[in-house]
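*Asks:* Sequence:
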Amino acid sequence: MASAKPTYVKGRVTISAGALESLIGAIYLDQGMETAMKFVTTHILPRAVEYATRDVIWEPIVELQNLLQGHYYGQPVYKYIPAPLNASKYTVELYVKGRPILKVSADSYKLARGRAAEAAYWHFEKLLGPAS
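Each residue of the sequence shown is one higher than the one before, starting from 1 at the first, in the UniProt record's numbering.
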């Protein structure tokens, strides 16, 4: 993991919890308590244990920003390369201190941005050391 301090993303967790609660409620209303309990036991509980025992939630975009700012490199800038409608790949170019660092393509801009941030994080951590 990137840092000793956990990064909590409360809004996303709250939205996910609400969606999960709605899904379980829908299964209960549609198919009954036994099916809902089976769903929770087989699909939810194993993942909940894994999620609850993680030390941190890895957010590469946040971690990269913290690393760069900790070394006075400013904020990273993500440039979204225009893609045609219904493109299968979307490209993001990452800039640090006004210089292009890397380009990453993925199935969505969000995924490309996350992958670019992660690759840049490991590069800069090796180069600069951990954030202070």
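None of these hints come from the bench; they were simulated from the model. Misleading hints may appear alongside valid ones.
[What the hints assert, rightly or not] Heads up, simulated EDC-like pairs for lysine to aspartate or glutamate below, C-alpha to C-alpha not over 16 Å straight-line: (1) 110 with 50; (2) 79 with 93; (3) 110 with 125.
[Said to hold, decoys possible] Simulated restraints on C-beta separations: (4) 83 with 29: 15 to 23 Å; (5) 40 with 15: 46 to 54 Å; (6) 97 with 53: 36 to 44 Å; (7) 77 with 107: 19 to 27 Å; (8) 129 with 31: 49 to 57 Å; (9) 119 with 20: 25 to 33 Å.
We put the CB at the ideal spot given by N, CA and C, even for glycine.
*Asks:* Run the structure past the numbered hints and jot down the numbers of the failing ones, going up.
*Replies:* 1, 3, 4, 5
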